[in-house]
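Following the hints, complete the assembly by docking chain B onto the known chain A.
What follows is the residue order along each chain.
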Amino acid sequence: MFYDYLRGHVEALLFAAGEPLSKKRIADILQTETETVERLIALLEEDYRSKNRGICVRCVADGYQLVTKPDFDNLIRQLISQQELKLSSAAMETLAIIAFKQPVTRSEMEAIRGVKVDGVVNTLLDTGLICEAGRKESIGKPIIYGTTELFLTTFGFNSIEDLPALPEDLSVLQSVKDQAIS
Amino acid sequence: MPNYNIKIQDFEGPLDLLMHLIEKDKVDIYDIPIVDIAEQYITYLNAMKEFDMDVASDFLVMAATLLQIKSRMLLPKPPVESEEEQEDPRQMLVDMLVEYRKIRIQAKMLTESLATALGYHQRKPMQFPDIRKKIKPLSFDDLIDSLNGLLTIQEHEPALIERQRFNVQDKMNKIIDLLEKNNHSLEFSALITNNVSRSEIIASFLAILELMRLNRITISQARPFSTIFIFLREDMTDVL
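If you read the protein sequences in the order shown, they are chains A and B. The numbering of the first sequence is the numbering used here, which starts it at 71 and goes up by one. The numbering of the second sequence is the numbering used here, which starts it at 49 and goes up by one.
Isolated chain A (complex conformation) (with noise of 0.2 Å):
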C-alpha cells in the first residue's frame, strides 16, 4: 500500500495527542482521507496485536486513542498515582438517568429516583461527567443536562449511542442491591 508510509505519522500524532483524535483531524493534518486514516488505524492494530507490544487504539468520544492494555493496568498504576473516580451508587444511578435519557431536568431525574437530585448532580457536574445542555421549552425553563464528551472518554464509548442496551430478560428480580456497587 503506498500510503503504508503514513503508519508512523498516525502513531505519533496519538502518542503527542493524548486525548482522542478525530479520524477528520488526523485526515486534515496528513491532508488525506478520513477512509485511508481508517485503513492507517487498522495496520497500527494488527502491529500492536501481538503479546508484546504494550500500547493498543482504543475508539472512544468518536476518536482514536493510544492508550496502555488493560493486561498492564496494574502495572500502570505502580507508576503513577492516580486519583480513582469514586461514583456512590446515587451518583451511579444519577449518572444512568442522564446518560441513558438525556436531555433531561433535575425534577424528571427526580420523580424516577424518588428523591432529590441536586447534591448528586452538582457532584457530577464537579467531575465534569455532565453537563448543562440548556433549557426545556416548557414552564420555568428549566434547565436541562447531558453527558459530556470526558464522559464517553472515562466510560470507553464511542458515542452515546454505544451505550449498553438493557437485558432482554428484565423479569430477572436478582437483587441488584446483592451485587455490591461500590
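Note that these hints are calculated values from the structure, not bench results. Careful: at least some of the hints might be erroneous.
Straight line, CA to CA, 30 Å or less: simulated BS3-like cross-link-like pairs of lysine-lysine [what the hints assert, rightly or not]:
#, chain 1, residue 1, chain 2, residue 2
1, A, Lys211, B, Lys150
2, A, Lys94, B, Lys172
3, A, Lys156, B, Lys156
4, B, Lys150, A, Lys156
5, A, Lys171, B, Lys229
6, A, Lys186, B, Lys172
7, A, Lys186, B, Lys156
8, A, Lys139, B, Lys156
9, A, Lys171, B, Lys184
10, A, Lys171, B, Lys150
Since the model is a prediction, treat every value here as computed from it, not as a measurement.
Just chain B now, kept in the frame of chain A:
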C-alpha cells in the same frame, strides 16, 4: 403480627426501600400486595425512628402514597359505566418501580463499563513550552504614570476595633444570680434597662436567649405587649 426480620440499612430513598421489600418477598411487581407491602414499609419507617435515624420527607410522602393506594384498593369499586377498564390504583407505583429498576440495572452496567475502561491508561497531551511570551508594547511614560499612581495612595489610619466589653457568659451568670436573689422571677424590662450601653444590652439579650436554649429559664407573657416575665427553672440540669 408477623415477625419481620428487619435489617436496618441505609436506603437511598423510598423507592430503594420499596424495591428491597418487593425483592425480599419475591413479589410480582405487576401484582403488588399493597396491604402487606404498605404495612411492612411503615413498620420499617417506625423502626428507623426507633433507631434514631432521620426519616427524610420523601419516605413519608411514599408512605402516604402507599396508604392512599391501599385505601383505593379496599374501597368497593363503583359500577363500571363505560367499556374502559378501571385503572388499577397501583399502576402509578408499578410504573415508577419498573422505571427505577431499569435505572438500577443501567447504573450497574455503567459501573462495569467504567471498571473496564479504567484498565486503559492514557497520556496527557504533550505540553510545548511557549518561550516567546507576547509583551504589550508599552512606553516609558506608562511606567512613570503607574509609579505616580502608587505614590499618591493615601495612608489610612489603622482601623480601631473595640474590644467587646461585655461577655455573654458573664451576663448569663449574672442573670441567674439576680433571679435567685429575686425569688426566681424577674421582669424582662428590669434586666435590660439596667444596662447602660448598647453592647451591654445586646450581651444581656443574648444571655437570655442562651439561657432559654439551655432550659435554665422560661419566659412568659400574658398578652401581646404586656410585661414579659423571666422565671428560673427548678428542674435544672447542669449543662452550663
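Status of the hints after comparison with the structure:
1. A:Lys211 with B:Lys150: OK: A:Lys211 and B:Lys150 at ~28 Å, within 30 Å.
2. A:Lys94 with B:Lys172: holds, 21 Å
3. A:Lys156 with B:Lys156: OK: A:Lys156 and B:Lys156 at ~14 Å, within 30 Å.
4. B:Lys150 with A:Lys156: holds, 22 Å
5. A:Lys171 with B:Lys229: The hint is violated at about 71 Å.
6. A:Lys186 with B:Lys172: Violated, at about 36 Å.
7. A:Lys186 with B:Lys156: holds, 21 Å
8. A:Lys139 with B:Lys156: holds, 24 Å
9. A:Lys171 with B:Lys184: violated, 49 Å
10. A:Lys171 with B:Lys150: holds, 12 Å
Hint compliance for this structure: hints 5, 6 and 9 are not met, and every other hint is.
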